[in-house]
Amino acid sequence: METITLSGQLFQYLITGITVGSVYAMVAVGFNIIYNVTEIINFAQGEFVMLGGLIMVFFHVVAGLPLIMAFPATVILVTLVGILLDRLAIRPIRRPSVLTLIIATIAASILIKGAAMFIWGKDPYDLPAFSGRNPITVFGAVIQPQYLWVIGFLIIIVIVLSIFFDRTIIGKAMSACADNPNAASLVGINVKQMILLSFALSAAIGAVAGITVTPISLMEYDRGAMLAVKGFGAAILGGLGSFPGAILGGLIMGSIESFGAGVISSGYKDAFALIVLLIVLFFRPSGILGSIEISKIKRF
Amino acid sequence: MSRIGKIPTTVFALFIIAFPWVAHKIPSIEHYADIMIFAGIYCLMTMGLSLLMGYAGQISIGHAAFYGIGAYTSAILTVQFGLNPWPCIIVGMVISAVVAVVVGAPSLKLRGHYLAMATLAFGIIVYIIFNEEAAWTGGPDGMTGIPGLSLFGFEFDSVEKYYYLVWGFVFAVFIFTVNIIQSGIGRALRAIHVSEPAASAMGVDISRFKIMVFVYSAVLASLAGSLYAHYLNFINPSTFDLFFSIKLLIMIALGGMYNIWGAIIGAVLITFLSYEWLHYFEEYEVIVYGAILLLVTIFFPKGLVGVPGIVKGWFRE
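Sequences listed follow chains Z and A, in order.
The numbering of the first sequence is our numbering, which starts it at 1 and goes up by one.
The numbering of the second sequence is our numbering, which starts it at 301 and goes up by one.
Please keep in mind that the hints were generated in silico from the structure rather than gathered at the bench.
Treat the hints loosely; a few may be bogus.
[Stated by the list, open to error] Straight-line C-alpha distance at most 25 Å; calculated SDA-like pairs for lysine to any residue:
1. A:306 x A:488
2. Z:269 x A:435
3. Z:122 x A:573
Kindly produce the complete structure, drawing on both the sequences and the hints.
What follows is the structure, given as structure tokens:
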């Protein structure tokens, strides 16, 4: 029998933490995209992840589409949900305030969750791993190949997004809306379209997170709220609105959760990340990479 | 929130007194007094929350936690230590107040979404504690054998008696809250609601007032939780989950968050929806709640109490 060394065990927690953390990072990036353009915290962000996983199960397992086709189909469908969210829940509000916008996204999130329960029922669903389930052993830690897919997709998202925001006109227009919506519309940027685009983009990223994590942790209809809270925790930890912060925050959050569950208590697994969120809110609300000056000029 | 007149208050009091009588006479709604007990318990919470949302402009998605702290404090102290229920209710309220200061003070000093997320995280943590600390709370199975309430030898042992006890509390809290609204504190809160910078310039300590309102709403939720525990004689964690906090939000949004009547109307309506009228939907009632919340937010941002104003507006045109 193989002996499990302490260092191997700790390395195992770290790898698991970084994998889970990559998912939180994707959710946090989704939060930031919408927050930067609209200053709304989208409480339905976690539902995109849930939908990504379950719709992928439908396309890949039920309908039997190959991975290469089911993946984009799922992303497109969830993106449509994101667009609908903006058109049906956010834009119709005539006099938007923080309060009404929070309530609208909460309402949308329980609607989506209810619809998912209606369609898929309450059972968790499994998805075949992208490249099999033969674990790789590194330094005494067991690594599922799917872990690498999750981390890999986070890296792809980061690269694509940084090219998008730095090198393309649309991306720059979105950043302009984030800085000053009035000035942006004066120079001819259609702010409403940018808001729509931000919802579409963050829904797509949520879908990728859901698709890649489902082979590891399964997916069920009520997973969204917890993912949203932890993703938000990651965004706050890194500094709300900062993309490098979101990645860093997500990875730290995932690691804390993994070590906490492994070393301290598995029953409190979900509580660790939330306790970190509260501690950050209380002692450094601007996060690791955020700046207090910026958070002061934001409207909300 | 406009002034609360003597006439509506009297009508409200008469309605409370007469309801069990009337319900008792009509066989098909005989059990409504029982449902009204739960409605009253929820009213206690929504009155505090509407003050928090309508005035301080802050949102809490964790009030199920304070409701649970009240219920579990009462349950643990009475069942495991055999104490008299009344001091336990007070202890629960004190614990809730202290916790509310600890959770609320840092996030209320910040602007915007922070209280919403802090209370959301706090609510989930407390829910996990209720489930995990089985030695104290009985874990997911909950606790049984919580004693009923009695006062000077008078047992609140029937539905009618407990109804009058709960609604007596509701009416007292109603009067107290109305007094807060119409006092200097209420004026300060109104000023905060209109413009925070202006209120601050006039010397209103904004974060102090917000914390006061948050603590007040937490204490009321704790009282409601204790009353719930002593009525059902049984509690388990699922009562105090995240969805219950959202349900409180729906009650207030539906009734109207800028008006204390809205808190009461919303609580009563949603209670009847969930205990009586939505049986047909079973677990899919969550879709109905989502739809209600979204439609109210888009079309009736002032809730049902704002509808007469909208109708008046049509006639003027």
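Going down the list of hints, with the structure as the test:
{"no.": "1", "hint": "A:306 x A:488", "verdict": "holds (23 Å)"}
{"no.": "2", "hint": "Z:269 x A:435", "verdict": "holds (19 Å)"}
{"no.": "3", "hint": "Z:122 x A:573", "verdict": "holds (23 Å)"}
Hint compliance for this structure: every hint is met.
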